[in-house]
Amino acid sequence: DVKVTQSSRYLVKRTGEKVFLECVQDMDHENMFWYRQDPGLGLRLIYFSYDVKMKEKGDIPEGYSVSREKKERFSLILESASTNQTSMYLCASKKQYEQYFGPGTRLTVT
Amino acid sequence: DQQVKQNSPSLSVQEGRISILNCDYTNSMFDYFLWYKKYPAEGPTFLISISSIKDKNEDGRFTVFLNKSAKHLSLHIVPSQPGDSAVYFCAASYEGGSEKLVFGKGTKLTVNP
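Chains A and B, in that order, give the protein sequences.
Its first residue numbered 1, the first sequence is counted upward by one per residue in the numbering used here.
Its first residue numbered 1001, the second sequence is counted upward by one per residue in the numbering used here.
Bound-form chain A, shown alone (with noise of 0.2 Å):
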């Protein structure tokens, strides 16, 4: 079974500050993704990388950056949080057409 993980479940952080939420795949899958959702706006793609050190941008890439050093690590960065970024935060690691989820982290910006 795939499984792909991320550090926190709950983060609650405040306006200002650095965020780092990681996520971590086990099936040496290249690409990963980073997802907001908000109700009634769905999935929403921040970044994605289809390789080491590769990242490419998605829908509403703006104020985050992502980082990936190793293959099975993504890292998506909040340089300076705000409220409106206070979200579900779910990472995706990608095999063939299927996605694999992580269980989500809901940060909370205050």
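The set of hints was computed from the structure by calculation and includes no laboratory data.
Any given hint could turn out to be false.
[Claimed, not checked] Pulled from the structure, derived: some chain B residues nowhere near chain A, Cβ distances all over 12 Å:
(1) 1011
(2) 1013
(3) 1016
(4) 1022
(5) 1026
(6) 1028
(7) 1029
(8) 1056
(9) 1060
(10) 1062
(11) 1063
(12) 1065
(13) 1068
(14) 1070
(15) 1076
(16) 1082
[Said to hold, decoys possible] In silico lysine-lysine, DSS-like type, Cα no more than 27 Å apart, as pairs:
(17) B:1100 / B:1056
(18) B:1100 / A:55
(19) B:1037 / A:3
(20) B:1037 / A:95
(21) A:3 / B:1108
(22) A:71 / B:1100
(23) B:1056 / A:95
(24) B:1056 / B:1037
(25) A:95 / B:1071
(26) A:57 / B:1005
(27) A:71 / A:57
(28) B:1100 / A:53
[What the hints assert, rightly or not] Covered stretches of chain B (chain A as the covering partner; in silico rule of three or more C-beta atoms under 8 Å from a C-beta of chain A):
(29) 1043–1052
(30) 1101–1112
Quick caveat: nothing in here was measured; it's all calculated off a predicted structure.
Ideal Cβ positions, reconstructed from N, Cα and C, are used throughout, including at glycine.
For this one, chain A is given, so just place chain B on it according to the hints.
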């Protein structure tokens, strides 16, 4: 521009009856379609998929139908169970495109006992 649309934000059905969730797409290059199920506070889980060379794929209680001429797909759940209550996302992809899946906004299904 929303390439994958789920026009019903919510659907309520009785236990034992059929649930039909609909999805429309605009990009004729899409050649693979997936349905994901998501419970609150959990990540989406893959449910069923269909390639554009088929018009139907069945897995137990779940069947996906694809109508390419109408650019429409639907997920049928028969019989519906209370444990099926979740948000269902439709997603699409195409070979030769980027590695992304394009997701709809989801339909919240409630199955009443």
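How the hints compare with the structure:
| no. | hint | result |
| --- | --- | --- |
| 1 | 1011 | holds, 15 Å |
| 2 | 1013 | holds, 21 Å |
| 3 | 1016 | holds, 29 Å |
| 4 | 1022 | holds, 15 Å |
| 5 | 1026 | holds, 16 Å |
| 6 | 1028 | holds, 18 Å |
| 7 | 1029 | holds, 14 Å |
| 8 | 1056 | holds, 18 Å |
| 9 | 1060 | holds, 18 Å |
| 10 | 1062 | holds, 15 Å |
| 11 | 1063 | holds, 18 Å |
| 12 | 1065 | holds, 18 Å |
| 13 | 1068 | holds, 17 Å |
| 14 | 1070 | holds, 22 Å |
| 15 | 1076 | holds, 20 Å |
| 16 | 1082 | holds, 22 Å |
| 17 | B:1100 / B:1056 | holds, 23 Å |
| 18 | B:1100 / A:55 | holds, 12 Å |
| 19 | B:1037 / A:3 | holds, 17 Å |
| 20 | B:1037 / A:95 | holds, 18 Å |
| 21 | A:3 / B:1108 | holds, 26 Å |
| 22 | A:71 / B:1100 | holds, 18 Å |
| 23 | B:1056 / A:95 | holds, 22 Å |
| 24 | B:1056 / B:1037 | holds, 19 Å |
| 25 | A:95 / B:1071 | holds, 25 Å |
| 26 | A:57 / B:1005 | holds, 22 Å |
| 27 | A:71 / A:57 | holds, 18 Å |
| 28 | B:1100 / A:53 | holds, 18 Å |
| 29 | 1043–1052 | holds (count 5) |
| 30 | 1101–1112 | holds (count 5) |
Of the numbered hints stated above, none is contradicted by the structure.
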